[in-house]
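Residue numbers (my numbering), protein chains in the order written: chain A, 1 to 280; chain B, 1001 to 1203; chain C, 2001 to 2258; chain D, 3001 to 3214.
Lysine-lysine pairs mimicking BS3-like chemistry, simulated, CA-CA at most 27 Å apart: (1) C:K2056 with C:K2092; (2) B:K1156 with C:K2219; (3) C:K2131 with B:K1083; (4) D:K3134 with C:K2056; (5) D:K3008 with C:K2216; (6) B:K1083 with D:K3008; (7) D:K3004 with B:K1083; (8) C:K2219 with D:K3004; (9) D:K3008 with C:K2219; (10) A:K89 with A:K113; (11) D:K3134 with A:K11; (12) C:K2216 with C:K2092.
Derived coverage of chain C by chain D (criterion: at least 3 residues anywhere in the stretch with Cβ under 8 Å from a Cβ of chain D; other residues may be distant): (13) 2010–2017; (14) 2203–2215.
Since the hints were derived computationally from the structure, they do not count as laboratory data.
The beta-carbon is built from N, C-alpha and C at its ideal position, and this holds for glycine as well.
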Amino acid sequence: MAGKQDSIWIKLQHIPREILYILIILSMIVPLLRPMGLPITISPQTESLFDSLNTLEPGDVMLEFIDWSAGSMSFHEPGCIAVSFQAVKQGAKLVFLSSATEGPLMYELMLEKFQPVFDEAGYVYGEDYVYLGYVAGQETALAAIASDIRTAFSIDYYGTPLDEIPLMQTVHNYADYSMIISYTMGSPESFVRQFNTQYNVITHIHCGEMMTPTILPFWASGQITGLLNGGVGAAEMEVLNKRPGDAVKLTDVYSFSNILVFIFLLIGNVGFIMQRRMGK
Amino acid sequence: MISTDPSIWVMAFFTIAITSLAFRDNPLAKFAEHTFLAATAGNLVTMAWRNVYNIGLQPLMKGSVIMLVPILFGVALYTRYSKEYMWVSRYPTAMMVGIGTGVTVRAFVEFQFIQQIIDTFKPLNSFNNIFFVATVIICLTYFIYSLTPKSQALEKSMSYVTRLGRYLMMVAFGASMANTVITRVGQYAGRIMFLLYDWLGLG
Amino acid sequence: MIIASGKLIDFIALILIWAVAAVFVWIVGGERFAIRRMPAIDAIEEAVGRAVETEKAVVMNIGGGGLLRGEYAPATMAGLTVLGYVSDLTAKLGADLIAPMYSDGGVETIAVATEIIRDAYMAEGEVERFKSEEMLPFLPVQASVMALADRVRPAANIMVGYYWHESCIWAEAFGRVGAIQVGGTTNLYQIPFFAGACDYVLIGEEVYPVSAYISKDPKLIATIVGQDAFKWVAAGLIILGSLLASFGSQWLTQFLSI
Amino acid sequence: MSIKIIRKTVPLVITFLVGLLMIGQWFLNVPSLDELATFLQQWGILIAAFAMGLGSVNIIIRSVHRIQKREGTDWLYAIWLLIVFFLFAITGIGFGPASSQYKYIFNTILQPLSATMYPATLFFLVSAIYRTFKIRTVEGGLFVIVSAIILLANAPIMSASLPFLVTLKSWIMDVELTAAYRAILLGIGLGAIMLGFRIIFGLETTHLGREEGT
Chain A
1 MAGKQDSIWI
11 KLQHIPREIL
21 YILIILSMIV
31 PLLRPMGLPI
41 TISPQTESLF
51 DSLNTLEPGD
61 VMLEFIDWSA
71 GSMSFHEPGC
81 IAVSFQAVKQ
91 GAKLVFLSSA
101 TEGPLMYELM
111 LEKFQPVFDE
121 AGYVYGEDYV
131 YLGYVAGQET
141 ALAAIASDIR
151 TAFSIDYYGT
161 PLDEIPLMQT
171 VHNYADYSMI
181 ISYTMGSPES
191 FVRQFNTQYN
201 VITHIHCGEM
211 MTPTILPFWA
221 SGQITGLLNG
231 GVGAAEMEVL
241 NKRPGDAVKL
251 TDVYSFSNIL
261 VFIFLLIGNV
271 GFIMQRRMGK
Chain B
1001 MISTDPSIWV
1011 MAFFTIAITS
1021 LAFRDNPLAK
1031 FAEHTFLAAT
1041 AGNLVTMAWR
1051 NVYNIGLQPL
1061 MKGSVIMLVP
1071 ILFGVALYTR
1081 YSKEYMWVSR
1091 YPTAMMVGIG
1101 TGVTVRAFVE
1111 FQFIQQIIDT
1121 FKPLNSFNNI
1131 FFVATVIICL
1141 TYFIYSLTPK
1151 SQALEKSMSY
1161 VTRLGRYLMM
1171 VAFGASMANT
1181 VITRVGQYAG
1191 RIMFLLYDWL
1201 GLG
Chain C
2001 MIIASGKLID
2011 FIALILIWAV
2021 AAVFVWIVGG
2031 ERFAIRRMPA
2041 IDAIEEAVGR
2051 AVETEKAVVM
2061 NIGGGGLLRG
2071 EYAPATMAGL
2081 TVLGYVSDLT
2091 AKLGADLIAP
2101 MYSDGGVETI
2111 AVATEIIRDA
2121 YMAEGEVERF
2131 KSEEMLPFLP
2141 VQASVMALAD
2151 RVRPAANIMV
2161 GYYWHESCIW
2171 AEAFGRVGAI
2181 QVGGTTNLYQ
2191 IPFFAGACDY
2201 VLIGEEVYPV
2211 SAYISKDPKL
2221 IATIVGQDAF
2231 KWVAAGLIIL
2241 GSLLASFGSQ
2251 WLTQFLSI
Chain D
3001 MSIKIIRKTV
3011 PLVITFLVGL
3021 LMIGQWFLNV
3031 PSLDELATFL
3041 QQWGILIAAF
3051 AMGLGSVNII
3061 IRSVHRIQKR
3071 EGTDWLYAIW
3081 LLIVFFLFAI
3091 TGIGFGPASS
3101 QYKYIFNTIL
3111 QPLSATMYPA
3121 TLFFLVSAIY
3131 RTFKIRTVEG
3141 GLFVIVSAII
3151 LLANAPIMSA
3161 SLPFLVTLKS
3171 WIMDVELTAA
3181 YRAILLGIGL
3191 GAIMLGFRII
3201 FGLETTHLGR
3211 EEGT
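The shape of chain A in the complex, shown without the other chains (with noise of 0.2 Å):
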């Protein structure tokens, strides 16, 4: 008697992890192809974003770090999108850049689904938004870019010299950004040091919920003023636009793929105190 149960415990803790992996896949499968639409909570991070970037006044100049790689595209993306958005009502010129190397293609994969939005506000390339490309160079860069945008750029992305664009006219240094923003899966820190820090410019930060915690004591602190906490943020700035996307449509898969992560960790857990309880 005692050994069956002793099995089974036993048993509990050896799942195959090809078992655990399918799993895991089906929670993601199932909600994106049955969506159910759960109520989304704004949290006091995503609400000083909003609320910051509701005072751009037409004209004002935000700078857009899409820093990000593919590897993080699936909440990355939304949550540009949704910020833009944002700020293409309240009439923002954007100026977009890169410090990471696959920037560059991630902002034109980003393009294809803002165009219209662009287009709608009557927004023209090179008058109220430009891209810049990549600049080498992480945190000196950022020093420079913040000092003078053009030690590190002398043209934008497609070739074009900075002071034949109209917008970069009056776009120099750190005096003319109104707020960055960066989506990064690097360095967050970096981006504060170098704006806020130094020039106490209003620095938004758009990390994966994995480094949210890092960070978190800046944005307690103000040095962040606003902080968009990975997919579950860029899906809050979507409900907060009233324009549910991608990141919404995540959410579902949150639920379930959370739900079954806690149960292998309270099997493996049951397993392992009741056979060493057995054990005794």
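Given chain A, put chains B, C and D in place with the hints provided.
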């Protein structure tokens, strides 16, 4: 309808090949990983070249001779592959490290020391505030490593505080860990979306 | 005013921190100080011992940060110190060591690691056991990590350095085959994973004093002491500021913002 | 002696001067320093761009070695690696990254790979959570229990039906976690300032490579 676009099929193949790595180490995954490695390096060179050309070579050709200096420094980096001339690459490295360190360190005092301390000044009038201040201090003592001759005698009692600090950090790490799951799920769901919608044409 | 506005205290603080460090490094010295116990490092000796008993190998790797980039180099250097320690132990006690290298950590990282291991084996007079090809396999891709774990089934897996997503793959691949794991990285958002998956973990900045702990070099210890002094200062300031805030005074906040 | 000065001392002096200059520019109101710093930052970007090629050279060297060794099927992978690398580099430099050719190969080859590579860690994560995250000690127990709570709170379906989860999560995130991470960040901040000291004053020279040839 399942896609008929060959490039979608290539994309689906790579997606599945990389995923298969989690199940078992296999040649397809290895093939896909090598492709990834090479393509990333190629992309890096492409992007770096644009920078070298736009910031360095073009101004040089337009007559700003001073750009010759950083270009020579950049080229000198590659001497590290020769045993004899490796020391030349120290010049650009020293330059790069000097600029990088200066740019970072100058901000740290305010950014990650004083500002963070200021924000911890909380009136001790609620449980949350007291808990907050206490947690910061207890966890901070975990990161004090050196012992003076005097405090060596106190090591044992100090170790209780460090252990408490470790517990408090473990709670924070547990929370971060759960957040990692949601990030990875969100990222991978993007691939599932691609496979379901773009490749298989469902939904 | 020559000092930029709002930066006076920051400037003074920077000079003060550096001055104290200089005093400890060049005047006081670190001989009188010790580093507190680090269970993760102590565990390494035990793990190597177990490897000898079970005739299994020890795997040690130093992450993918390389030595060129400012933010990652310190962690890699700490990893190299631990690698030196581990290879001393394996050379002395007789376990096999495998130190896989991966990513574009750079030729210099691999060269330095090779030298470190060779030196350790040379010092123990075991130079014939040093085989760079087998000891330092180059694993460009994660698939080979899993293959290595399955093939070698080591007794211990030690990971100290700068890690990104690969921390997960390494720890899981070697955890599966039952290795004792010691993890340490300065990448903040990978620490939680190490904290959960490894038997012993070095939390963030704890990676740095490791060199001082292992080598007992007075100069290194002195820097650590200088650093610690300001942790006490920070703790003191926090207590003072909170007490002042309790009585409604913002004096310290204003002073520090000058 | 003079060889040592050229090979070792001058690089250290460069780091020292450049580092102090960048720090001075930040704290002091001296316009000429600003100009110099702007200049140096541009140089820094340019050298960093050159440095990005180093990784590729490493990859090429390693692949050539692997091809020369002809071990099993390993060298075939190495050949494939070189082919893809040059496909990207030549297309990218020849046509430019904004060209339709480059966009095509990027979107078909690199984009799906990069998009799967890091997210696929999910599977390793899941099996590690199931297999290794056990309540063995107090530390482990706290870790597992808090993970479990946040996992549930992160599932909108649970947090919608059990509102206390949201309260609990926001307490953990805003009070406990922020405080604990703040302590870690303070430590790291001091560590970075001290590392800057060691680099600028030449105590830390590992980035300059081995002593050989000095």
